[in-house]
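**Q** This is what each chain is made of:
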Amino acid sequence: MYLQVSAMSSGDSSGDGGKWLDAHYDPMAGLYTFSSCVDLAELSGDGESRLLVGDLGSGSAGMKLKVYRGTSLTSESTLLDLPSGVVAFFMDLHEPRIPAVAVASGPCIYVYKNLRPYFKFTLPSLQVNTLEQDVWQQVREGQIDPLTLKEMLESIRRKADVPLSMRSLRFLSLDPDEMDDYVQLHKQQPIRRQTVITCISTLKKSTADDDGVSCLVIGTESCDVYVLDPEAFIILSKMSLPAAPSFMDVTGQFDVEFRITVACRNGNIYILRRDSDKPKYCIELASHPVGLVRVGKNVVVGCTDESLQGFTQKGKRLWRTVLAAPITTMAAMDLPTRGFQAVLLGLANCEVQLYRDKNLLSTIKTPDVVTSICFGRYGREDGTLIMTTRAGGLIVKILKRTAVFDDRDGAPGPPQAQSIRLNVPKKTKLYVDQTLRVSGESGAAMHRAFQMDLSRLRLAAAKAYVKALESSLTPVSSSLSEPLKMNAVVQGLGPTFKLTLNVQNTAACRPVMNLAVSFLYDESLYRVKNPFLRIPLLVPGLIYPIQTFVECTSDKGIADIIKVFVLHEGRSSPLLTAHINMPVSEGLTLN
Amino acid sequence: MVAGWPMGLFDKLAAWLGLKKEVNVLCLGLDNSGKTTIINRLKPSNAQTQDIVPTIGFSIEKFKTSSLSFTVFDMSGQGRYRNLWEHYYKEGQAIIFVIDSADKLRMVVAKEELDTLLNHPDIKHRRIPILFFANKMDVRDALSSVKVSQLLSLENIKDKPWHICATDALKGDGLQEGVDWLQDQIKTMRT
Ligand SMILES: Nc1nc2c(ncn2[C@@H]2O[C@H](COP(=O)(O)OP(=O)(O)O)[C@@H](O)[C@H]2O)c(=O)[nH]1
Ligand SMILES: [Mg+2]
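Line by line, the protein sequences give chains A and B. Once you know that position 68 of the first sequence is 110 in the working numbering, the rest is easy, because the numbers rise by one and skip nothing. Once you know that position 55 of the second sequence is 971 in the working numbering, the rest is easy, because the numbers rise by one and skip nothing.
This is chain A alone, in the form it adopts within the complex (with noise of 0.2 Å):
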């Protein structure tokens, strides 16, 4: 083991970018589970967190509850039936605060203090069918023969609302020689229907402390959802679902207001909130969920088409991305202490990626495909990864103090920019002191200067705009009959520059017509070639160029405003003015 250990960390030999330090892998650790059925608490109340797990076993023997110490296997426990969920959870306000576990396994929850078995929940029986109640009945009186009451039990299953018991059931799967024997063994014993845990959770009873109390929350298989006393372990509440659940988030607090999330086999996701029975809210997937993960107060679910997506606590989907390979498992990475929160995904391509939103932030590369994985404090180190192989391996990973995820975005979407939040500085002495004088005496002071000043500033516009109206100053016509815009470009070095108008009707339909264009300038700095021009008919939208040719007669290096007249024909003032400041002449004059 300790070879194994030096060997993966003499070398980055993950492909992950140096992120994470190789703390342990043991190939032949035998632990056969998924994510569900992983977690981490610390059990001794020595400030080391233990690592326990639901060991499937062979799938029929060997089921066992696991604890590892640091690399080591420490503590074993048997369990009766194959576990669906392991969660650590504080059940009373003990000191020293040492968290119970909860195993969920068939119809039962195991609980263990101290690792040693407390006390055994078992969900109240479904109610049985009558028909099949009467049909066993009649067994037992000796009237009917196995074979007749196979027929019986059939025709009752096909058109029953209330299905058979799981002894009717077992019956219907026997050959014709093992009937009698199964009969004779449970005739006389009252039919039972049970049904069993498909997923486990904790809720916080009313505190969010990381110590305080917690509620148990059970899925089952006859779609109901249940939320468990954490002391009496008596039923709080019973909310249903219109299928089976298979993966369930839970937030919130049961006493204050609280929102379970849950993953059915119906391909649909349901949110159960405090205050109904029944789903809020349902998201329907284009494909079954393999995992759910809350990151924030969105629910990140991966589906079997190798997608994964992100939702609003409402159910509105906020992005999709298709992934490289299936997912196996789903587990969340968590850092309080950074503010990291992601999601990690095991793939069928051995990799374990992780992932910001929709964004890729590492890539894992393991020894084999990953069945389970759980983050977070592990031993005395925070970020540890732990992930079990499909061959039963262990496999330890703690990520590095000097580690950073930059999630530049490939996808289009909002720049990165928009989501970083401005460094808005405190509020300073002086804002203090002027919000303090604002809300104070001087307020009503205050807005009277403010308003009078902005009179005086509209007064100073208006009056400023009438000037350039009357001067006709502007470079667009405020005619309503002529609205024309202009504007003006000097082409050149000089002496000679081409000047060219570029006019515009900007009317929606009528063409303007009769216009004309001239110039004002010094006459003894320069020269037009066209000092009048005729503007064609103006077609509305068009742009036209007018051009013309100004030369500098002056050699002393100087310049001058040429001023520009959109004139109508039979008008005195200009429709339009523009001055253009002419540039220096570098050019020579040659003649």
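Check the hints yourself; a few may be wrong.
Here chain B is said to cover these stretches of chain A; the calculated rule only asks that three of the stretch's residues, wherever they fall, bring their Cβ under 8 Å from a Cβ of chain B [stated by the list, open to error]:
{"no.": "1", "segment": "150 to 159"}
{"no.": "2", "segment": "415 to 422"}
{"no.": "3", "segment": "431 to 442"}
It is worth saying that the hints were derived from the structure and are not from the lab. As the structure is a prediction and not an experimental result, all values here were calculated from the model. Here a beta-carbon is modelled for each residue, glycine too, at the ideal position from N, C-alpha and C.
Start from chain A and add chain B with the ligands according to the hints.
**A** Showing chain B with the ligands alone in chain A's frame:
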């Protein structure tokens, strides 16, 4: 918890060397490796703990004997305080690096911290003696000092004198050997 010896080991060392100027010793290692226990063993009973700065995620202990000053800190927690402790590297003239030999899982973390330390600009090119205490050797299943030095790749340290010894800080076993070695090193450093 454990009282120091009548005359602290380092007091003897200092007296023997007749040092005038104090020597700064950095005592480093992951949290829970046994630094505080070791230092309490080494320091004379009358030594004053100069200051303990318990900040969230970061704490430094300092104390002085007549001629030695100790700076002790945990190389743990997540990143944020790293440059705080690296600040002390410059003035360190000897290093005691403590390892919990029973914590196999975090041996890689200890190695990572050691490598980062050895590559730090204030340490890298100086011939500082480093004493490794493979502590908690009394714990069942603890790694031997040979195994620890292998896992930390100590054989790669070529430009600094180093020494490793297995210790049980609770009983004080193994500390003397290390201190003797450090004594020699400081002596050669001074002459
Ligand atoms: N068994 C054993 N326990 C030790 C040894 N040294 C320290 N400890 C224990 O380890 C824990 C952490 O020791 P401490 O000195 O506080 O570690 P620091 O965090 O490095 O200062 C305490 O409970 C000590 O009693 C040792 O050599 N053997
Ligand atoms: Mg300490």
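**Q** Does each hint fit the structure? Answer for all of them.
**A** Hint by hint, here is what the structure shows:
1. 150 to 159: Not satisfied, violated; 0 residues make the cut.
2. 415 to 422: With 3 residues in contact (Cβ-Cβ under 8 Å with chain B), the coverage given for the segment 415 to 422 of chain A holds.
3. 431 to 442: Coverage by chain B holds for the segment 431 to 442 of chain A (3 residues, Cβ < 8 Å).
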